[in-house]
Amino acid sequence: MIKTFGGAVLLGTTLNVNVVVSLPFSSQISFSSASRRTVVSVRSHVTMEDKPVSDSRMLVYVPPHPLIKHWVSVLRNEQTPSPIFRNAMAELGRLLMYEASRDWLPTVSGEIQSPMGVASVEFIDPREPVAVIPILRAGLALAEHASSILPATITYHLGMSRDEETLQPTVYLNKLPKKFAEGSKVFLVDPMLATGGTIVAALSLLKERGLGNKQIKVISACAAPPALQKLSEQFPGLHVYTGIIDPTVNDKGFIIPGLGDAGDRSYGT
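In this note's numbering, the protein residues as written are 5 to 273.
SDA-like cross-link-like pairs, simulated, lysine to any residue; straight-line CA separation at most 20 angstroms:
no.	residue 1	residue 2
1	K189	S60
2	K183	P133
3	K234	G216
4	K189	S105
5	K183	G163
6	K256	A205
7	K73	N91
8	K183	N217
9	K218	T111
10	K234	P251
11	K183	H161
12	K189	I153
13	K179	S165
14	K218	Q238
15	K218	W108
16	K182	R213
17	K211	G187
18	K183	K218
19	K179	S151
20	K256	R166
21	K211	L180
22	K189	F127
23	K211	G241
24	K182	S208
25	K218	P133
26	K218	A205
27	K234	E212
28	K234	F258
29	K183	G216
30	K218	I158
31	K183	R213
32	K218	R106
33	K218	A185
34	K183	E132
35	K189	L209
36	K211	H161
37	K179	E148
38	K183	A205
No wet-lab data here; the hints were simulated from the structure. Fair warning: this is a prediction, and the values are worked out from it, not measured in the lab.
Start from the sequences and build out the full structure, keeping to the hints where you can.
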(Lines of atoms letter the chains of each structure in order from A; the text may use other names.)
(Lines give C-alpha, C1' and ligand atoms only; values in the text may rest on other atoms or scores of the structure.)
Protein backbone atom coordinates (compact mmCIF):
# COMPACT_ATOMS: atom_id res chain seq x y z
CA MET A 5 0.00 0.00 0.00
CA ILE A 6 1.24 3.50 -0.85
CA LYS A 7 -0.23 6.76 0.38
CA THR A 8 0.73 10.30 -0.55
CA PHE A 9 0.89 13.16 1.91
CA GLY A 10 1.82 16.67 0.84
CA GLY A 11 3.91 15.40 -2.07
CA ALA A 12 5.72 12.83 0.06
CA VAL A 13 5.38 9.12 -0.69
CA LEU A 14 4.43 6.81 2.17
CA LEU A 15 4.84 3.05 1.85
CA GLY A 16 2.38 0.91 3.80
CA THR A 17 3.27 -1.57 6.51
CA THR A 18 2.17 -4.68 4.57
CA LEU A 19 5.74 -5.10 3.30
CA ASN A 20 7.25 -4.37 6.72
CA VAL A 21 8.78 -1.19 5.32
CA ASN A 22 8.94 2.01 7.29
CA VAL A 23 9.22 5.36 5.56
CA VAL A 24 10.59 8.34 7.43
CA VAL A 25 9.67 11.55 5.62
CA SER A 26 12.07 14.40 6.20
CA LEU A 27 13.45 17.39 4.31
CA PRO A 28 17.16 17.95 3.56
CA PHE A 29 17.42 21.34 5.21
CA SER A 30 18.64 22.59 8.56
CA SER A 31 15.06 23.64 9.41
CA GLN A 32 11.86 21.81 8.56
CA ILE A 33 9.02 23.34 6.55
CA SER A 34 5.34 22.47 6.35
CA PHE A 35 4.29 19.61 4.10
CA SER A 36 1.85 22.05 2.49
CA SER A 37 4.75 24.27 1.39
CA ALA A 38 6.81 23.83 -1.75
CA SER A 39 9.95 21.80 -1.12
CA ARG A 40 13.08 21.29 -3.18
CA ARG A 41 13.21 17.56 -2.64
CA THR A 42 11.34 14.83 -0.82
CA VAL A 43 13.50 12.47 1.20
CA VAL A 44 12.23 8.99 1.98
CA SER A 45 14.10 6.72 4.38
CA VAL A 46 13.23 3.02 4.31
CA ARG A 47 13.19 1.22 7.67
CA SER A 48 11.22 -1.49 9.48
CA HIS A 49 7.96 0.23 10.54
CA VAL A 50 6.03 3.37 9.72
CA THR A 51 6.82 6.62 11.48
CA MET A 52 7.39 10.27 10.74
CA GLU A 53 9.97 12.38 12.49
CA ASP A 54 11.46 15.86 12.39
CA LYS A 55 14.97 15.07 13.63
CA PRO A 56 17.87 14.84 11.15
CA VAL A 57 18.02 11.65 9.09
CA SER A 58 20.74 9.23 10.21
CA ASP A 59 23.64 8.60 7.82
CA SER A 60 23.15 4.85 8.33
CA ARG A 61 19.72 4.85 6.68
CA MET A 62 19.12 4.33 3.01
CA LEU A 63 17.51 7.45 1.54
CA VAL A 64 15.15 7.54 -1.42
CA TYR A 65 14.72 10.93 -3.08
CA VAL A 66 11.58 11.60 -5.15
CA PRO A 67 12.13 15.18 -6.35
CA PRO A 68 8.75 17.00 -6.56
CA HIS A 69 9.67 18.84 -9.77
CA PRO A 70 6.94 19.37 -12.40
CA LEU A 71 9.32 18.40 -15.23
CA ILE A 72 10.07 15.10 -13.51
CA LYS A 73 6.34 14.45 -13.16
CA HIS A 74 5.86 15.36 -16.84
CA TRP A 75 8.49 12.95 -18.16
CA VAL A 76 7.29 10.15 -15.89
CA SER A 77 3.80 10.69 -17.31
CA VAL A 78 5.13 10.49 -20.88
CA LEU A 79 6.92 7.24 -19.99
CA ARG A 80 3.77 5.75 -18.46
CA ASN A 81 1.63 6.32 -21.55
CA GLU A 82 1.36 3.08 -23.53
CA GLN A 83 0.80 5.14 -26.71
CA THR A 84 4.21 6.85 -26.47
CA PRO A 85 6.32 5.73 -29.48
CA SER A 86 9.85 4.42 -28.92
CA PRO A 87 11.80 7.54 -30.04
CA ILE A 88 9.76 9.78 -27.74
CA PHE A 89 9.93 7.22 -24.92
CA ARG A 90 13.71 7.08 -25.21
CA ASN A 91 13.96 10.88 -25.24
CA ALA A 92 11.69 11.12 -22.19
CA MET A 93 13.89 8.61 -20.37
CA ALA A 94 16.99 10.65 -21.23
CA GLU A 95 15.38 13.89 -20.05
CA LEU A 96 14.27 12.27 -16.80
CA GLY A 97 17.79 10.97 -16.26
CA ARG A 98 19.20 14.45 -16.80
CA LEU A 99 16.94 15.91 -14.11
CA LEU A 100 17.55 13.11 -11.60
CA MET A 101 21.33 13.35 -12.05
CA TYR A 102 21.12 17.10 -11.54
CA GLU A 103 19.36 16.52 -8.23
CA ALA A 104 21.69 13.69 -7.23
CA SER A 105 24.85 15.70 -7.95
CA ARG A 106 23.85 18.52 -5.61
CA ASP A 107 26.50 19.01 -2.89
CA TRP A 108 28.25 15.80 -4.00
CA LEU A 109 30.65 16.61 -6.84
CA PRO A 110 34.34 17.37 -6.18
CA THR A 111 35.19 21.03 -6.81
CA VAL A 112 38.25 23.26 -7.00
CA SER A 113 38.29 26.97 -6.05
CA GLY A 114 40.40 29.86 -7.24
CA GLU A 115 40.35 33.29 -8.84
CA ILE A 116 39.98 34.36 -12.46
CA GLN A 117 40.01 37.64 -14.30
CA SER A 118 36.57 38.62 -15.57
CA PRO A 119 36.10 41.48 -18.07
CA MET A 120 35.35 43.74 -15.08
CA GLY A 121 37.70 42.50 -12.39
CA VAL A 122 38.96 39.57 -10.34
CA ALA A 123 36.34 37.02 -9.29
CA SER A 124 36.38 34.08 -6.91
CA VAL A 125 35.28 30.95 -8.76
CA GLU A 126 34.51 27.29 -8.16
CA PHE A 127 34.72 24.62 -10.88
CA ILE A 128 34.00 20.92 -10.96
CA ASP A 129 37.39 19.27 -10.44
CA PRO A 130 38.30 17.49 -13.72
CA ARG A 131 41.01 15.49 -11.94
CA GLU A 132 38.31 13.49 -10.15
CA PRO A 133 35.90 12.26 -12.84
CA VAL A 134 32.60 10.86 -11.67
CA ALA A 135 31.80 7.39 -13.01
CA VAL A 136 28.46 6.70 -14.67
CA ILE A 137 27.48 3.02 -14.88
CA PRO A 138 24.35 2.28 -16.92
CA ILE A 139 22.97 -1.23 -16.57
CA LEU A 140 22.36 -2.36 -20.15
CA ARG A 141 20.37 -2.02 -22.05
CA ALA A 142 17.60 0.10 -20.57
CA GLY A 143 20.08 2.08 -18.48
CA LEU A 144 21.67 3.53 -21.62
CA ALA A 145 18.67 5.76 -22.31
CA LEU A 146 18.41 7.01 -18.71
CA ALA A 147 22.15 7.83 -18.68
CA GLU A 148 22.22 9.36 -22.17
CA HIS A 149 22.54 12.99 -21.02
CA ALA A 150 24.99 12.36 -18.17
CA SER A 151 27.83 14.13 -19.98
CA SER A 152 25.70 17.26 -20.44
CA ILE A 153 25.13 17.47 -16.68
CA LEU A 154 28.52 16.30 -15.41
CA PRO A 155 31.55 18.13 -16.86
CA ALA A 156 33.99 15.31 -16.11
CA THR A 157 32.69 11.76 -16.40
CA ILE A 158 33.86 8.30 -17.29
CA THR A 159 31.37 5.62 -18.35
CA TYR A 160 31.58 1.91 -17.56
CA HIS A 161 29.05 -0.46 -19.09
CA LEU A 162 27.46 -3.31 -17.16
CA GLY A 163 25.18 -5.67 -19.07
CA MET A 164 22.71 -7.73 -17.05
CA SER A 165 19.69 -9.77 -18.13
CA ARG A 166 16.91 -11.22 -16.01
CA ASP A 167 15.57 -14.75 -16.40
CA GLU A 168 11.85 -14.45 -17.15
CA GLU A 169 11.03 -17.52 -15.05
CA THR A 170 13.30 -17.23 -12.00
CA LEU A 171 13.71 -13.42 -12.19
CA GLN A 172 17.40 -13.94 -11.31
CA PRO A 173 19.98 -11.67 -13.00
CA THR A 174 22.89 -12.82 -15.16
CA VAL A 175 25.90 -10.68 -16.10
CA TYR A 176 26.67 -10.84 -19.83
CA LEU A 177 28.96 -7.78 -20.09
CA ASN A 178 31.26 -6.37 -17.43
CA LYS A 179 33.44 -3.37 -18.27
CA LEU A 180 33.98 -2.32 -14.67
CA PRO A 181 37.53 -1.64 -13.48
CA LYS A 182 39.12 -4.24 -11.23
CA LYS A 183 39.39 -1.59 -8.52
CA PHE A 184 37.86 1.86 -8.20
CA ALA A 185 40.16 4.65 -7.06
CA GLU A 186 39.87 5.75 -3.46
CA GLY A 187 37.24 8.44 -3.08
CA SER A 188 35.48 7.58 -6.35
CA LYS A 189 31.89 8.72 -6.83
CA VAL A 190 29.57 6.59 -8.96
CA PHE A 191 26.12 6.94 -10.46
CA LEU A 192 24.59 3.49 -10.98
CA VAL A 193 21.77 3.82 -13.51
CA ASP A 194 18.92 1.28 -13.67
CA PRO A 195 15.49 2.53 -14.84
CA MET A 196 13.32 -0.06 -13.08
CA LEU A 197 13.85 -1.10 -9.45
CA ALA A 198 11.26 -3.87 -9.25
CA THR A 199 12.18 -7.07 -7.40
CA GLY A 200 15.64 -5.70 -6.63
CA GLY A 201 17.60 -8.67 -7.98
CA THR A 202 19.46 -6.79 -10.71
CA ILE A 203 20.33 -3.69 -8.71
CA VAL A 204 21.49 -5.75 -5.71
CA ALA A 205 23.74 -7.87 -7.96
CA ALA A 206 25.17 -4.74 -9.59
CA LEU A 207 25.83 -3.05 -6.25
CA SER A 208 27.57 -6.20 -5.01
CA LEU A 209 29.95 -6.00 -7.99
CA LEU A 210 30.75 -2.39 -7.12
CA LYS A 211 31.35 -3.26 -3.48
CA GLU A 212 33.75 -6.03 -4.53
CA ARG A 213 35.73 -3.36 -6.39
CA GLY A 214 36.25 -1.17 -3.36
CA LEU A 215 33.26 1.18 -3.29
CA GLY A 216 31.37 2.03 -0.12
CA ASN A 217 27.62 2.55 -0.01
CA LYS A 218 27.98 6.32 0.39
CA GLN A 219 30.15 6.54 -2.74
CA ILE A 220 27.25 5.31 -4.89
CA LYS A 221 24.03 6.99 -5.96
CA VAL A 222 21.37 4.95 -7.75
CA ILE A 223 19.35 6.64 -10.49
CA SER A 224 16.04 5.07 -11.52
CA ALA A 225 12.90 6.09 -13.37
CA CYS A 226 10.52 3.98 -11.30
CA ALA A 227 10.90 2.01 -8.06
CA ALA A 228 8.79 -0.43 -6.05
CA PRO A 229 8.80 -1.50 -2.37
CA PRO A 230 10.37 -4.99 -2.86
CA ALA A 231 13.52 -3.50 -4.39
CA LEU A 232 13.69 -0.64 -1.89
CA GLN A 233 13.35 -3.00 1.05
CA LYS A 234 16.21 -5.20 -0.23
CA LEU A 235 18.42 -2.16 -0.77
CA SER A 236 17.61 -0.81 2.69
CA GLU A 237 18.51 -4.11 4.34
CA GLN A 238 21.74 -4.73 2.41
CA PHE A 239 23.15 -1.26 1.64
CA PRO A 240 22.72 1.17 4.57
CA GLY A 241 23.70 4.73 3.70
CA LEU A 242 22.90 4.28 0.01
CA HIS A 243 21.05 7.11 -1.77
CA VAL A 244 18.44 6.35 -4.45
CA TYR A 245 16.96 8.97 -6.78
CA THR A 246 13.79 7.98 -8.61
CA GLY A 247 11.03 9.64 -10.60
CA ILE A 248 8.21 7.74 -8.90
CA ILE A 249 7.55 4.97 -6.37
CA ASP A 250 4.80 2.58 -7.43
CA PRO A 251 2.86 0.30 -5.06
CA THR A 252 3.62 -3.24 -6.19
CA VAL A 253 5.28 -5.79 -8.49
CA ASN A 254 3.38 -8.58 -10.28
CA ASP A 255 4.34 -12.27 -10.42
CA LYS A 256 6.34 -11.66 -13.60
CA GLY A 257 8.51 -9.08 -11.89
CA PHE A 258 7.00 -5.98 -13.53
CA ILE A 259 6.19 -2.84 -11.56
CA ILE A 260 2.47 -1.99 -11.43
CA PRO A 261 1.41 0.40 -12.93
CA GLY A 262 5.01 1.09 -13.92
CA LEU A 263 6.23 1.87 -17.43
CA GLY A 264 6.26 -1.57 -19.01
CA ASP A 265 9.55 -3.06 -20.28
CA ALA A 266 11.86 -0.01 -20.34
CA GLY A 267 14.41 -1.66 -22.63
CA ASP A 268 11.89 -2.86 -25.19
CA ARG A 269 10.05 0.45 -25.21
CA SER A 270 13.27 2.47 -25.50
CA TYR A 271 14.55 0.55 -28.50
CA GLY A 272 11.36 -0.65 -30.17
CA THR A 273 11.96 -4.39 -29.72
